[in-house]
Structure formats: structure tokens, C-alpha cells
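Make a model of the complete structure from these sequences and hints.
Number of protein chains: 2
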Amino acid sequence: MEIEELRAAHPEHWKLASAIRALAMDAVQAANSGHPGMPMGMADVATVLFQNHLKFDVKNPKWADRDRFILSAGHGSMLIYSLLYLCGDEQVTLDQIKNFRQSGALTAGHPENFLLDAVETTTGPLGQGLATSVGMAIAEEALRAQWGKKLVDHRTWVIAGDGCLMEGISQEAIGLAGMQELSNLIVLWDNNDITIDGRVSMSDKTDQRKRFEASGWTVFACDGHDPVAIDEALTKAKQAKGPVLVDCKTIIGFGAPTKADSYSAHGSPLGDEEIARTKAIYGWDHGPFEIPADVKSQWEAIGTRGAAERAEWEERFGKLSAAKQAEFTRIMEGGVSKKLTGAIRKFKKEQAEAKPKVATRKASEMVLGVINAACPETIGGSADLTGSNLTKSKDMTVFNAENRKGRYIHYGIREHGMAAAMNGQWLHGGVRPYGGTFFCFTDYARGAMRLSALMKVPTVYVMTHDSIGLGEDGPTHQPVEHLAICRATPNTLTFRPADVIETAEAWEIAMNQEGTPSVLALSRQGLPTLRTEYKPQNLTARGAYVLAEADGKRQVILMATGSEVEIALKAREMLQKEAIGTRVVSMPCMELFAEQDEGYRKRVLPPNSVRVAVEAAVRQPWDRWLLGERGREAKAGFVGMEGFGASAPAGELYEKFGITPEAVAEKVKSLL
Amino acid sequence: MEIEELRAAHPEHWKLASAIRALAMDAVQAANSGHPGMPMGMADVATVLFQNHLKFDVKNPKWADRDRFILSAGHGSMLIYSLLYLCGDEQVTLDQIKNFRQSGALTAGHPENFLLDAVETTTGPLGQGLATSVGMAIAEEALRAQWGKKLVDHRTWVIAGDGCLMEGISQEAIGLAGMQELSNLIVLWDNNDITIDGRVSMSDKTDQRKRFEASGWTVFACDGHDPVAIDEALTKAKQAKGPVLVDCKTIIGFGAPTKADSYSAHGSPLGDEEIARTKAIYGWDHGPFEIPADVKSQWEAIGTRGAAERAEWEERFGKLSAAKQAEFTRIMEGGVSKKLTGAIRKFKKEQAEAKPKVATRKASEMVLGVINAACPETIGGSADLTGSNLTKSKDMTVFNAENRKGRYIHYGIREHGMAAAMNGQWLHGGVRPYGGTFFCFTDYARGAMRLSALMKVPTVYVMTHDSIGLGEDGPTHQPVEHLAICRATPNTLTFRPADVIETAEAWEIAMNQEGTPSVLALSRQGLPTLRTEYKPQNLTARGAYVLAEADGKRQVILMATGSEVEIALKAREMLQKEAIGTRVVSMPCMELFAEQDEGYRKRVLPPNSVRVAVEAAVRQPWDRWLLGERGREAKAGFVGMEGFGASAPAGELYEKFGITPEAVAEKVKSLL
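One line per chain: the protein sequences are A and B, in this order. Numbering-wise (UniProt numbering), the first sequence opens with residue 1 and increments by one. Numbering-wise (UniProt numbering), the second sequence opens with residue 1 and increments by one.
Wrong hints could be hidden among the right ones.
In this list, chains with the same sequence are indistinguishable; a pair is considered to hold if it fits within one copy or across any two.
In silico lysine-lysine, BS3-like type, Cα no more than 25 Å apart, as pairs [to be verified]:
no., residue 1, residue 2
1, K338, K570
2, K324, K405
3, K205, K238
4, K570, K656
5, K535, K249
6, K55, K149
7, K210, K249
8, K205, K236
9, K205, K241
Derived from the structure by calculation, the hints contain no laboratory data.
This is the structure we're talking about:
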């Protein structure tokens with residue numbers, strides 16, 4: 001349909017959608033950066049979705065039974081910000097829209113789950129939103145099976161673009177969702193035929209409908225600018241069995257006279273003149289950021305149309321027993337079961353007595369037996385290495401279309417898809433996911449693992465076969481740089497436990513995280529129990545501790561992790577025989593050790609001893625502990641980053657993070 | 001067909017295939033580790049391929065016009081080792097077969113291109129072989145367009161399993177191959193319906209044929225144990241237009257009485273009894289590693305059946321002019337054009353005079369203009385960020401089905417597929433690939449980037465938008481840990497040039513690599529020319545150098561890379577005004593600096609100065625330079641890994657790499 005025709009045929013819809021388009025154009029123009037074309041292309045679909053289908057109440061963005069809405073094509077962030085502002089979201093004010101992409105604004109360049117309550121997941125790295133949404137749909141199915149349809153009955157809606165679909169992670173997501181027959185998952189494909197380099201046909205000729213059908217999806221299609229056709233497609237999508245793709249044929253930058261249907265509408269402001277002409281074509285006679293009162297109030301009615309339904313839900317929830325309400329609230333908020341600490345202590349005590357020689361992956365399986373019994377909200381899995389990762393504890397049954405009460409997922413050979421699905425499960429709420437693969441294949445999952453850290457998602461990565469200790473499979477399977485990688489990644493706890501006791505302690509810490517993912521690097525090979533004396537305290541929580549003290553005058557400190565702690569202890573024996581006093585420090589988690597106060601760190605690593613570290617991995621993360629601390633470090637400093645960046649113009653970010661000539665000069669003077 | 005029937009119908013074929021199966025069972029049993037099921041399942045297909053279709057001459061495994069054979073399901077390595085031994089490969093002797101997976105053997109757990117000439121690419125991480133093969137097929141098309149069919153006319157054959165096809169990277173490969181209409185690419189799918197966790201249906205219900213067809217592939221199918229059916233399918237595959245999938249229905253562990261068609265045949269020895277029973281079923285009455293002379297000689301005839309064809313090719317090649325022969329040899333061996341050094345120097349001289357303020361990504365585009373003119377073998381590309389990565393220099397045309405002489409590839413939104421395809425291009429020979437994406441999205445390409453390093457493939461990764469300096473796109477797009485990741489990865493040169501001159505120097509070094517990949521981390525934002533005095537030497541080749549000397553007594557050394565060097569220089573000015581003598585060291589490549597002799601390193605970083613490093617990234621890689629060197633480092637040591645591991649039993653590897661109690665004790669005593 002031509003715009004004239006659309007305006008005439010659906011005047012009310014047209015105004016609602018135009019409001020989105022106008023805000024997207026204005027905000028990108030004001031920011032002088034951003035992506036106007038996608039919101040302009042998908043405004044009609046989003047309007048119909050919000051008006052007629054999405055179950056939500058804008059005043060209660062964390063309502064447990066809301067539909068989840070994921071903008072996988074995260075660069076089109078002005079679509080979601082416009083929708084939220086128009087609907088009356090309390091965080092996304094008009095000022096926020098005007099401050100799009102500016103320092104401190106909640107309206108960051110890409111949607112960030114940690115900035116806005118209504119943003120279900122951070123998106124931007126393409127394909128992640130789609131793969132994360134599969135995890136959300138899984139969590140919904142699992143919760144519905146446990147709590148019933150009266151409490152849990154919602155859908156996950158995703159807007160994905162061609163970029164999302166070309167990324168490999170999308171295939172893992174599509175395959176997993178198809179296999180799991182997730183009827184509550186609906187993907188709206190913004191089929192605009194444009195990528196950054198030009199037409200899609202320059203780089204892809206895939207028949208996407210056929211591809212989705214091949215994995216068991218149902219496919220519908222519509223003209224993505226015709227509200228009636230869109231509504232019909234979404235209505236059918238809700239009734240289909242299994243996951244649904246809706247192929248929405250759209251025009252990027254819809255209506256822009258010279259830039260529509262072109263990559264030039266993708267990632268830059270349209271320019272004042274083009275905006276003026278576009279608004280004229282829309283029949284939108286309003287200044288920048290101006291929304292007429294009637295349009296705004298119609299949108300606000302949409303924003304609260306789910307309020308009654310939510311109230312009814314609250315009423316049903318209120319009829320549950322107090323204990324059930326508390327339990328539901330606990331799992332939705334991600335709190336850990338109170339039973340866990342006692343159960344772990346009991347386990348540690350038993351093991352300190354039994355002193356098994358087991359691989360830490362086996363130790364992890366033993367601990368999981370305890371955890372999964374104490375914490376009914378865990379959902380485990382593996383990327384097709386169940387018998388190697390030892391992630392399936394005895395009483396777990398398999399989660400699939402026939403058994404939604406199962407708590408174990410066969411993710412298939414899909415490390416990236418698994419990691420993203422775990423993010424989605426946590427973000428949905430109600431379940432606590434963990435999953436395994438070989439440590440080396442964190443390479444395949446990096447994109448989603450970084451998002452766990454950025455989004456503050458405390459999933460647990462059970463990464464076995466953590467060094468050359470795995471043996472014959474050779475260098476493609478032997479991690480050497482991966483500990484450095486995990487340790488270099490902000491907001492990630494990297495554990496490399498030395499025995500069954502440290503494994504239990506690492507798991508306990510990981511389970512208690514509320515905003516930090518954990519990587520457990522576990523051995524393939526058997527390791528003796530080194531902590532044979534039971535202590536209720538979690539020593540691993542300090543990151544490093546003295547495992548064996550020097551006999552006589554201390555001349556040496558050996559530091560090690562995981563399978564190399566045993567080696568350090570043996571070296572100590574040899575040195576002590578020559579009367580060289582040697583301390584052994586076990587360092588299962590550098591990040592936690594770095595967080596300890598200076599006094600503790602100095603007690604563990606006092607100056608003036610020879611220090612030697614032992615780890616079957618590259619040295620990079622060790623220099624700090626080898627060379628640092630008093631005396632050695634007093635004359636050195638650093639200016640740089642300590643965590644993730646933020647959304648703002650570059651110059652402001654350099655200021656914000658203190659990377660300036662002034663800061664460097666200050667640092668120098670402070671050291672002189 | 002049942003085995004009895006097959007034996008009776010095709011007795012000669014059966015013996016040839018049984019030889020593969022017997023060797024696979026015996027070698028895995030002797031090693032007490034490995035994967036027998038896959039070679040047993042695909043022995044019939046491989047026999048027909050080698051006997052009737054694959055163009056090769058086992059005595060000349062590096063013949064330029066050979067067909068490439070890729071075992072993407074690399075865990076089935078005994079398939080390729082058996083084939084090579086049987087055909088008479090000079091490296092794969094019977095002793096090598098007997099030493100499968102042992103320390104020092106060429107027959108490593110997974111096939112390694114750096115151990116065996118006939119192994120085209122290292123495989124093991126699933127999906128990589130398939131994605132790499134797409135690059136090989138691209139290289140063949142490109143070379144054929146330039147050199148003609150008489151010199152270049154071969155195919156790439158791939159054996160891929162269900163694991164390869166479930167990995168996301170496979171979709172990127174399938175999409176790219178389909179779009180590029182690579183008629184020289186044939187994938188043989190080992191459709192055995194088994195993964196490590198069990199039946200494929202436990203984790204995937206994808207109709208693979210339909211999925212490949214959706215991306216423009218032609219699909220044939222055959223009973224993977226019927227040699228006639230296999231031969232028909234391969235014959236048709238060679239005639240089809242565009243890439244071909246052959247769905248070979250097979251049984252894993254074919255013939256093993258209790259383990260066939262089960263995951264228990266996948267990754268463990270069958271056991272002596274099962275092997276004996278299997279051999280009886282095969283009618284294979286021979287001891288371990290015994291191949292009857294008639295079978296061996298039939299296989300050897302297969303191994304050399306391409307010798308005549310190769311001789312004819314040599315004759316045609318000999319008729320080329322000496323200059324053309326030399327040029328073909330140069331590009332196949334990966335030597336760099338002699339024109340390059342002079343061209344880069346000329347460029348540096350011009351820029352030192354012009355002193356442009358340009359982003360280093362723009363500087364890279366300028367340098368590429370010079371490189372692509374001097375080196376006709378380069379093939380560039382980008383994962384859909386051409387206008388951002390600035391990887392397409394002016395005169396490049398696009399490589400696609402219509403223009404095989406094009407030298408620029410629109411890889412689509414496929415970072416992982418691009419990186420693997422670049423590996424394949426280099427491994428094929430004749431082209432030198434580079435490709436771009438945002439530095440942050442090396443996360444998506446990690447699996448293949450690690451293989452570049454392991455396989456000694458000197459591709460160039462043009463990674464722009466290298467820090468928070470990219471601004472508004474926010475933390476999902478801002479690398480902070482990625483420099484640490486690249487620097488932690490063995491055999492990888494990580495460059496972060498500070499201006500146009502260092503960018504040219506980094507490119508020159510990268511182009512001269514024969515066995516090391518380079519990552520160029522380039523700024524989005526403009527940077528001034530800092531090296532305004534022309535010097536013909538490549539200062540970046542030393543890794544770090546004194547960019548600005550202290551005025552007066554030196555008290556401080558500032559170290560920086562990339563966009564932060566300008567900041568360091570400004571800080572120096574401020575400090576010098578307060579009479580604090582300050583040296584600035586630019587450190588564009590830590591790996592190269594680490595390789596310099598101690599004398600040079602100490603001249604650049606003398607002791608007794610305050611040292612401050614500036615880099616908009618995590619500190620981890622810097623501790624060495626901040627805290628190390630004389631005095632500071634004298635009392636510290638490290639025991640661990642310095643490069644990739646190897647294939648051998650774990651205990652031997654610990655010995656081999658010197659991670660033992662003895663080595664630790666020695667290290668300590670050497671420091672006392």
C-alpha cells in the first residue's frame with residue numbers, strides 16, 4: 001500500500017504509528033547519531049502488537065505474567081523508547097527521549113536491561129535478542145508446568161532483523177526453539193531487505209521462511225505496513241502450535257522521500273530537510289518531539305489496557321498460601337534457597353572425611369546433587385556433553401515438549417545458543433540456569449557470556465576439561481588463554497577449584513550471586529582432596545588463602561589454582577626437605593581475592609618472598625600477583641578502564657572514565 | 001542393506017572399506033582413547049570418494065590443483081589417517097597409525113594441518129572445517145578466474161557430521177556458500193542420527209535437506225553404505241550448479257554388534273571383544289593393524305591414480321612463462337610481493353609530510369590502497385560493515401557469482417563464517433585474505449581466530465571501533481577486554497597503532513607474516529599524525545619504542561597504545577612544564593616488544609622511573625610492563641604454558657611442557 005492509501009484507510013492507526021516514527025527521527029537527529037530507519041519501518045507492526053496483542057501494563061513493567069517483548073534488532077532502540085514514552089512508562093520521559101544517547105540517559109544507544117525496567121534484555125550484538133528470547137520462552141513453559149496456567153500464561157515476542165537472522169547464533173536459537181516446540185514464542189521478522197552494506201541479496205539469498213519451517217516453525221507473512229494484515233498474522237501466530245515466524249515485509253525508513261528502502265536510512269540521522277519532507281508525507285504537522293494530546297492519550301490507554309488483567313492476576317496470586325506466595329516471589333527475584341548453606345556444609349564435612357580423589361568435574365556433579373535437591377528452581381543442561389560435563393544430577397528428568405517439568409535441557413551442539421538461552425531464563429525469572437561445555441569452547445559462547453556479565457545475569461558456566469590435562473584431544477580442545485579471557489572480562493567470577501571442597505565452595509558462591517556470572521573451570525582428570533580438615537567457612541570466598549604454611553622461615557610463596565595446586569604442594573615438600581620454607585597459596589578466584597582488603601591480601605602474599613605461580617595457562621593474569629603489592633608496585637600506576645563502558649559521546653566518556661591528560665598527570669604526581 | 005548382503009554384492013569395495021574400519025578400531029583401542037564410530041560409519045563413502053572421485057596424488061599432497069578433502073568432523077581423525085596410510089602417504093606410516101594420539105605422533109587426536117601435509121586444515125571444533133572449506137572454494141574460484149581452468153580446476157569435498165550442522169557457524173557457512181553459488185563445493189553429511197548425548201532428535205528436529213535448499217544448495221541423498229548409490233550421488237554432485245549437500249544415511253560404528261547405531265560407539269574404544277566380534281561380522285580375519293597385501297596394493301593404486309593427471313598439469317604449468325610460473329608459485333606459497341616495502345615507505349614519507357588527522361581505520365583504508373595495488377593476491381571483505389571498517393579500497397570490485405575476478409567479499413553479518421572462510425582462503429593458497437568487523441565482535445569470531453593462530457594462518461583482522469572511543473553505541477559495542485584476549489592468545493600479533501604511520505607499519509608487518517595472524521585494533525575517531533619525521537625503518541616492528549624523550553632528568557615513563565598515545569603526549573607536556581622529565585613510549589604491539597632482546601627492552605623501559613600505562617582497556621596485559629624488568633622482576637618466576645598444547649596422554653604433556661614439581665623446585669632455586 002502507498003502511504004496516501006494507508007493514511008486514508010487507517011487514520012487512527014496511522015497517527016499512532018506516525019508518533020513513533022516522528023520521535024525516532026527527531027531523537028536521532030538531536031543526538032546526531034542513531035538508527036532511524038528500523039523504527040520507521042517497524043512502527044506499524046509495533047503499534048498493532050502493543051494495541052491488540054501484547055499483554056502488558058506499562059505502570060508495572062515487572063509484572064511476572066506480562067508478555068516479554070524483545071527488540072533483537074537493538075540498534076532500532078528508538079522504537080522501544082518511543083513506545084515506552086508514548087504508553088506512559090515512568091522511566092522514559094520526554095526528557096529521556098530528548099537525551100537519547102547522551103551521557104547518563106536511560107535511553108542508551110542500544111537498549112540496556114540494567115537501565116530500564118521495561119527492557120527485558122540488552123540487545124545490540126545481533127542475534128542475541130532472538131537467542132535470549134528462546135530462554136525466556138523455556139522459562140515460561142517450565143514455570144507454567146510447575147505453577148499452572150492461572151499464574152503463568154504469557155508469550156515472548158521478538159522483533160528480529162536480517163542481521164539477527166544471518167548470525168550463526170540465530171540458527172542455534174531456531175533449532176532449539178523448534179525442537180522444544182515453544183508455542184509461546186513469536187518472532188516478527190523485520191524483512192526490509194537492507195543491511196548496512198546494501199541489499200540483502202549482496203550477501204544472502206536464503207529463503208528464511210523455508211529455513212524456519214525446516215526447524216519446525218510455523219510461518220505467517222504480512223505486509224508490515226498494513227495494520228489489518230498485521231493484526232491477522234499476529235492473531236494466527238498466537239493460535240499456532242510450536243514457535244512462529246511472522247515475515248513482516250517492511251520498508252526501512254518508510255516514507256522518507258530520498259532515503260526509504262536504502263541503507264542510508266539505517267544508521268545516520270536523516271537530516272532536517274529529509275525529516276521535514278517525511279513529516280509532510282506523513283501528514284504530521286508537529287515540531288520536534290511534539291506529540292498531540294489526542295495521540296498521546298490514545299497511546300496511554302494502550303499502555304494501561306492490561307491493568308485490569310494484571311489486577312485479576314494479583315487477585316489470583318493473593319489466593320495462594322503465604323508460603324507459596326513467598327516461594328514464587330523468591331524464585332522470580334532470584335533469591336537463593338535458605339537450605340543451600342547447610343546442605344553445602346554437610347557435603348563439605350562428608351567429603352573432608354571421605355577424601356575422594358575425583359576430577360573437579362565429578363566433584364561438581366556431586367555438588368549438583370546437593371544443590372538441585374535444595375534449590376527446585378535450577379535448570380541444568382549441556383551443549384551435548386552431558387556425560388563429560390557431568391551436569392545432569394541423578395534425579396533430574398529431561399525438559400522437552402513432552403515433559404515441561406523436566407529440569408535438564410539437552411541444548412545440542414549449540415554453545416552460543418545455550419549461553420544466550422541461559423541469559424534468557426534468568427532474565428525471565430523463576431529459574432536459575434547452569435550449563436556446560438568444554439572450557440575451550442567458551443570461544444563459541446563468548447558473545448553471550450559477555451552479555452551475562454554486562455547484563456548482571458548470574459548464570460553458572462560449568463566448563464570442564466580445563467587445560468592440557470584433558471590429554472589426547474589435543475590443542476583444539478586444550479584451553480590455554482581462556483582463564484585470561486574470563487579473568488579479563490569485567491563482572492565475571494572465574495573459579496578454578498583444586499579439589500572437591502573448593503568445588504563445593506565455588507558452587508556455593510556462584511549460587512549466591514545476584515548480578516555476576518560464574519565460570520567454573522573444572523578438571524577432566526582426578527585430583528586428591530587437599531582440604532582434609534573440615535571448616536564451615538567458605539575459604540574460596542576470599543579468592544586465595546594459605547593452604548600450606550612454610551615450615552621454618554618463609555622464603556618462598558607458591559601460588560596455584562585447580563589441578564596445579566597438587567603440584568605446588570609436592571614442590572613444597574621437595575623444597576622443605578632442603579630446608580627452604582615454602583608457603584602454598586591456593587587461588588581459586590582472582591577476582592574475589594582482588595576484592596579483599598589490603599590487610600588480608602598482604603597476609604596471604606607478604607612481600608620479600610620469592611613468588612612462583614603455577615597454572616597450565618598463559619601468564620598474563622598472574623603478573624599482578626607475581627610482581628605487585630608493596631614495594632614492588634609502589635612506583636607504578638594505571639589509567640584505563642575498570643569495567644564496561646557506557647553510552648555517550650566519546651569525549652564525555654573519556655572524561656567519565658578518567659582517561660585524560662589531567663588524570664594521567666595526577667596519577668604520576670601521586671606516585672612521585 | 002545388511003552387511004551380509006553388502007559383502008556379497010560388492011566384495012572388493014567391502015575389503016577396501018573394511019581396512020579403514022579395522023584400522024580405526026585397532027588404533028583407538030591401542031591408544032585407549034579416540035572415536036571409532038565415525039570412521040566405521042563413513043568408511044564406505046570415503047572409499048568411493050577416494051576411489052572414483054577425489055582428484056589427488058598421495059605422493060604430492062601439496063599439488064596446487066588437487067581436490068581439497070576436509071574432515072570437518074575432526075574427531076573421526078582415524079578415517080583420514082587410515083586413508084592416508086592405506087594410499088601410501090609418506091608421512092602416515094603404520095608406526096604412526098600404531099602411535100595414534102601419542103606424544104610426538106603426527107597422528108594427533110584431531111587432524112592438525114601443521115603436522116601432516118595432506119591435512120588441509122585443522123579440525124575438531126565442530127563446524128570449523130565446513131566453514132573453512134567455503135573459503136577454500138572461494139579461493140579456487142578466484143584463482144580459476146585469474147589463471148584459467150587449465151591451471152586451476154578442482155573441488156572441495158567436506159565430510160560433516162550432525163555436530164557440525166548444529167553449530168551456528170554452519171549456518172553462516174551455508175548462507176555464504178549458497179549466496180556465492182560455489183559449484184566446486186560438495187558436503188557429504190554423515191547422517192548417522194547420533195550425537196554424544198544420544199539420538200539427534202533429543203536436541204534437534206531440523207530437516208537439514210530443506211535447510212540447505214533454503215540457502216540455494218542442491219541436495220542429493222544416498223544409503224551411505226551402498227557403494228553404487230554413493231557413487232551415483234557423488235557423480236550427480238559434481239554436475240550440479242551451486243554447492244551440493246549429499247545426505248549420506250549411515251550407521252555409526254557400522255557392524256559393531258552391541259555398539260553400532262549408538263552414542264557408545266562415538267568416543268571410546270570398542271573393547272577387544274567387541275572388536276573381535278565386529279571383525280568376524282566383517283569377514284576380516286586379520287590381527288590388529290594387519291592389512292592383507294592385496295588390499296594394501298589396491299589402496300596404493302587408488303593413492304596414485306591421479307599421478308598422470310598431475311603430470312599433465314605439471315606439463316601445462318611448465319609451458320607458462322618463467323615470470324608467470326614464479327608469480328603462481330609465489331602466491332601459492334604465500335610470499336609477499338617485492339613491491340610492498342617500497343610502496344609502504346613512499347606512503348609513510350607522504351603522510352609524514354601531509355600529517356593528516358585521521359582515524360586509524362581511515363589510515364588503514366589509505367594503506368590498503370597501496371597494498372592492494374602492490375599485491376594482486378589480496379582478497380578483502382567485511383562482515384557487513386564495509387563503510388565503517390573501511391576495508392574496500394577504491395579500485396576493488398565485488399567478488400560474487402557474476403564476477404569471480406572481484407577482490408572484495410560482502411561476507412554478510414557473519415563474523416565467525418568470515419574468519420573461517422579467511423582461514424580457508426589462505427590454506428587453499430593463492431590469495432591473502434583480510435576482513436573487518438567491529439573489534440568487540442571478535443567475540444563472535446573467536447573460534448576461528450584461535451584456529452588462525454593454531455594453524456599458523458597469517459590472515460589480517462581489521463578490527464575497527466576499538467574502544468569506548470566509538471561513543472554512543474554503548475557498552476555492547478565497546479571492547480574493554482578484547483586487547484587482553486588477543487594478547488593472551490598464543491601466536492597472534494595484536495596491533496593498536498597510534499597514527500597513520502604506525503598503521504602503515506603495522507600493515508606492512510602483518511603482510512609479511514607467513515605463520516602468524518594479525519589483529520589491527522583501529523580507532524573510529526580521528527587521531528593526529530604523531531610521527532611527523534619520516535624514517536624508512538619500521539619502528540612498529542620493535543613492538544615499542546621511545547616516541548618522545550624526557551627533557552632533563554628522566555623521572556617518568558608513560559606507555560600507551562593507539563588513541564591513548566596522544567593523551568600520553570599531552571600529559572608529558574604538562575609534566576615537563578613542572579620540570580618532571582617524562583618519556584613517552586608508544587607500544588603498538590606487545591608481542592613484538594616481548595620478542596626484542598633484553599638490551600633493547602631495557603633501553604626503552606629502563607628501571608627506576610615511575611611507570612604509568614594508558615590504555616582504554618583492562619589492565620591485565622600491562623602488569624608485565626608496569627611491574628616487570630630488572631629489580632622488580634628478579635624475584636619472580638612462572639611455570640606454565642607459553643603456547644598451544646599438543647596431543648598426548650595428560651601425564652606426558654605435563655612433562656613435555658615442564659609443569660612438574662621438579663620444574664617448580666628448579667625455578668625456585670634459580671631465583672634464590
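Structure-based check of all given hints:
Taking CA atoms no more than 25 Å apart as the test, K338 paired with K570 passes in neither setting, with 39 Å inside one copy and 55 Å between copies. In this assembly of identical chains, K324 and K405 lie within 25 Å of each other by CA distance solely inside one copy; the values are 18 Å within and 68 Å between copies. Taking CA atoms no more than 25 Å apart as the test, K205 paired with K238 passes between copies only; the shortest distance there is 22 Å, against 29 Å inside one copy. In this assembly of identical chains, the alpha carbons of K570 and K656 lie at most 25 Å apart only when taken from different copies (18 Å versus 48 Å within one copy).
In this homomeric assembly, K535 and K249 never come within 25 Å of each other (Cα to Cα): the closest approach is 63 Å inside a single copy and 57 Å across copies. Taking CA atoms no more than 25 Å apart as the test, K55 paired with K149 passes inside one copy only; the shortest distance there is 15 Å, against 62 Å between copies. Within a single copy, K210 and K249 get their C-alpha atoms as close as 16 Å, and across copies as close as 23 Å, so both meet the 25 Å cut-off. Taking CA atoms no more than 25 Å apart as the test, K205 paired with K236 passes between copies only; the shortest distance there is 23 Å, against 27 Å inside one copy.
Taking the shortest Cα distances, K205 and K241 sit within 25 Å of each other only across copies (15 Å), while inside one copy they are farther apart (28 Å).
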